[in-house]
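Participant: For reference, the chains in residue letters:
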Amino acid sequence: MKRMSFGQATVDATRLAMREDERVIVLGEDISWGGNFGQFRGLLEEFGPDRIIDMPISEALIMSAAVGAAMTGLRPVASMSFLEFTLGAMDEIVNQAAKMRYMSGGQVSVPLVLRASDGILRSSAAQHSGSLEALFTHVAGLKVVAPSNPADAKGLLRSAMDDDDPVVYLENKSITAKRGPVPEGDHRVPLGSASVVREGTDVTLLTYSAMTLRGTDAAATLADEHGISAELIDLRSLWPLDFETVASSITRTGRAVIAHEAWLTGGYGAELSARISEELFADLRAPVVRVGAARAPIPFSPPLESAVVPGTDAIVEAAIRAAS
Amino acid sequence: MRPPTGPATLAGLSPEVALPIHATMVRIRVFETRVTELFAAGKLPGFVHTYLGQEAIAAATCRHLRDDDYITSTHRGHGHAVAKGMPTNRLMAELFGRETGANRGRGGSMHVADFSLGMLGANGIVGGGFGIAAGAGLSARRRSSGQVAVCFFGDGGINKGPFHEALNFASVKALPVVFVCENNQYAQFTAIGRTSAVEDLAVRATGYDMPGMTLDGNDAGAVYAAVGTAVEAARSGEGPALLNCVTYRHSGHYVGDAEVYRDAAEVEQWRAADPIGRLELALVAAGWVDAADLEATWEAARAETAAAEEFAVTSVDPDPATALDYVYTPAGEVAP
Chain A
1 MKRMSFGQAT VDATRLAMRE DERVIVLGED ISWGGNFGQF RGLLEEFGPD RIIDMPISEA
61 LIMSAAVGAA MTGLRPVASM SFLEFTLGAM DEIVNQAAKM RYMSGGQVSV PLVLRASDGI
121 LRSSAAQHSG SLEALFTHVA GLKVVAPSNP ADAKGLLRSA MDDDDPVVYL ENKSITAKRG
181 PVPEGDHRVP LGSASVVREG TDVTLLTYSA MTLRGTDAAA TLADEHGISA ELIDLRSLWP
241 LDFETVASSI TRTGRAVIAH EAWLTGGYGA ELSARISEEL FADLRAPVVR VGAARAPIPF
301 SPPLESAVVP GTDAIVEAAI RAAS
Chain B
325 MRPPTGPATL AGLSPEVALP IHATMVRIRV FETRVTELFA AGKLPGFVHT YLGQEAIAAA
385 TCRHLRDDDY ITSTHRGHGH AVAKGMPTNR LMAELFGRET GANRGRGGSM HVADFSLGML
445 GANGIVGGGF GIAAGAGLSA RRRSSGQVAV CFFGDGGINK GPFHEALNFA SVKALPVVFV
505 CENNQYAQFT AIGRTSAVED LAVRATGYDM PGMTLDGNDA GAVYAAVGTA VEAARSGEGP
565 ALLNCVTYRH SGHYVGDAEV YRDAAEVEQW RAADPIGRLE LALVAAGWVD AADLEATWEA
625 ARAETAAAEE FAVTSVDPDP ATALDYVYTP AGEVAP
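Top line first, the protein sequences correspond to chains A and B.
Sequential numbering of the first sequence, starting at 1, is according to the working numbering.
Sequential numbering of the second sequence, starting at 325, is according to the working numbering.
There may be inaccurate statements among the hints.
With the C-beta cut set under 8 Å, the calculated list includes, among others, these residues of chain A facing chain B [said to hold, decoys possible]:
1) P56
2) A69
3) T72
4) E84
5) G105
Not close to chain B: a few residues of chain A, all C-beta gaps over 12 Å, as computed [said to hold, decoys possible]:
6) R19
7) S32
8) I57
9) L61
10) S124
11) A177
12) D224
13) A270
14) A274
15) S277
16) P287
17) S324
By construction, these hints were calculated from the structure, which means they are not laboratory data.
Bear in mind the structure is a predicted one, so any value in this text is a computation, not a measurement.
For each residue, glycine too, the CB sits at the ideal point set by N, CA and C.
For reference, chain A alone in the conformation it holds in the complex:
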């Protein structure tokens, strides 16, 4: 396996998909320059400006043009740069992309991938640090994935591009440059398959995206310093969700901690916690504990940022609470 960054892994997936299928195009701001995080680097040179299309800073247009293209025979990838920019295109995402298949009575599918950088990178401040996945998992008709490492970045993007429905692909800024082993060639990770990163017996840690890295550190600390054996599950795909893997772990551990960078209130963890309580109540030996950002816009000041956003310590504390 080659080592490459998360961003390079997405380039690899896109390149392979574009070579295989002429219908794939990429629409986005600045993508012919490689994108903000190099996640489109080199694609223009191979595929040209008819397929790697620099768009005006018109988010509503980027999304709706992707919808129009997807409904008429293409398979567009729409790059929305920072996740907050999708908020200028929520009508197009929620009212058009997500609902078109259903509203038409199944006449059409909308095979598009919405790529956006979420999460926190070095004081990117309130309008460039969001983790808004719950806005998308809430919407019937969308699928949502949030990989945590380069191999999954490639495999999930490939599956998202294969998929016939709109997929929101969240690539966390803080891990875009992180490197790891990536399978060469046609590597795919199916949507709706979670990954057991570390096996354990005392408590189940449920994470995705960048929080999986903190969860990995937390699991090590829990074992080394607190004698707690944590099982870490990287959900990878939020909808569809691999609840079977989640359930089989919690059935054994009886305890669950859900950690995400997003705001705690109404976050994805709230939905997941509710489902665990409803379906696995008899197996639980303690209340489900959630870890998420405090209810404040993400601050610019580094110490304030750390105060709002949960780190490894927060996951460790939550696991101790759940396991006690």
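Fit chain B to the known structure of chain A by using the hints.
Facilitator: Only chain B this time, still in chain A's reference frame:
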């Protein structure tokens, strides 16, 4: 704008073109009139925005389109669907929410679509079609298909951000898109003059370096001529155009609207400028039809609408067990 009067323009039209346009207009008129009655009688779920009074625009525009050309439509979309070729029984069944409807009852009045006819959907969101039409144009270009996309929208939509985003992009890329504004002079309840900085909406084309033209949208011949030029230019790679077709809603914003925002006298004046009456004046004057021919057209339309209603009334509702069908695409359904 004062209501235009007098016969419609026939310059550049032949009977082979004008008579089908007239027939389509009459079919829409009869259909929408019956829909208004059915809604008032409580027979239709949801709510309904009719195309009454605007028939010349859809009928004359779609006469230029191939079956595989695209249109995007609005919440006032029944006329566009009929003009693009949707069978009225499937349209009526959709308004009744039936399984036999164009959208299997899942969409209703504001979402009627027929992708096999390039009818990419009515849209419940004002301005929802701008970017979709641009994307369809981009797709046609990429596939070298020679298709064009016509984006129908209203004077209300012209103040949405996506109007500007899509016109700009379509012009930058010279996409095969024609933007047809059905300027019925009211954005829901508000007169366009109160919310647009420019009175002549075609002026807005200048900012996007594309041809813009204001025309009498109640004159089927004028619409046919202007759209013909624009569609030909779009198809031959010359890029988009903006056509501001001035027309008038015979009905309120929706069926049941109390219409407190416009004068009865104004409505009467515009009803006198009815696009069907004006086209019939011209057709008779040209000797292309006589009164009996016209009556036959109306009678055929009445029979068609009655049959559509019968089809809808006798069709079944969707099975509740299928309520979650069509949210996502089953694996393997779309050809790879």
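Participant: Evaluate each hint against the coordinates.
Facilitator: Hints versus structure:
1. Because the beta carbon of A:P56 sits about 6 Å from the nearest beta carbon in chain B, less than 8 Å, this interface hint is met.
2. Given the 8 Å rule on beta carbons, the hint for A:A69 holds: about 4 Å separates it from the nearest Cβ of chain B.
3. Here the hint on A:T72 is kept, as its CB sits about 4 Å from the closest CB of chain B, short of 8 Å.
4. Taking 8 Å as the C-beta cut-off, the interface hint given for A:E84 is violated, the closest approach to chain B being about 17 Å.
5. At its closest, the beta carbon of A:G105 sits 3 Å from a beta carbon of chain B; the interface hint therefore holds under the 8 Å criterion.
6. For A:R19, the shortest C-beta to C-beta distance to chain B comes to about 15 Å, beyond the 12 Å cut-off, and the non-interface label holds.
7. The beta carbon of A:S32 is kept farther than 12 Å from every beta carbon of chain B, the shortest such distance being approximately 14 Å.
8. Distance to chain B contradicts A:I57 as a non-interface residue, since its nearest Cβ pair spans about 9 Å, not more than 12 Å.
9. For A:L61, the requirement that its beta carbon stay farther than 12 Å from each beta carbon of chain B is not met, with the minimum near 4 Å.
10. Non-interface call for A:S124 relative to chain B: holds, since the shortest CB-CB distance, roughly 25 Å, exceeds 12 Å.
11. Every Cβ of chain B is farther than 12 Å from the Cβ of A:A177; the closest lies at roughly 32 Å, confirming the non-interface assignment.
12. No beta-carbon of chain B is positioned within 12 Å of the beta-carbon of A:D224; the least distance is around 43 Å.
13. For A:A270, the non-interface assignment is confirmed: its Cβ lies about 22 Å from the closest Cβ of chain B, beyond the 12 Å cut-off.
14. A:A274, annotated as away from the interface, keeps every beta carbon of chain B farther than 12 Å; the closest lies near 20 Å.
15. Under the 12 Å C-beta cut-off, the non-interface status given to A:S277 relative to chain B holds; the minimum distance is some 24 Å.
16. Annotated as non-interface, A:P287 keeps its C-beta farther than 12 Å from every C-beta of chain B; the closest such distance is 31 Å.
17. Distance to chain B confirms A:S324 as a non-interface residue, since its nearest Cβ pair spans about 41 Å, more than 12 Å.
Checked against the numbered hints given earlier, this structure breaks hints 4, 8 and 9; the rest are met.
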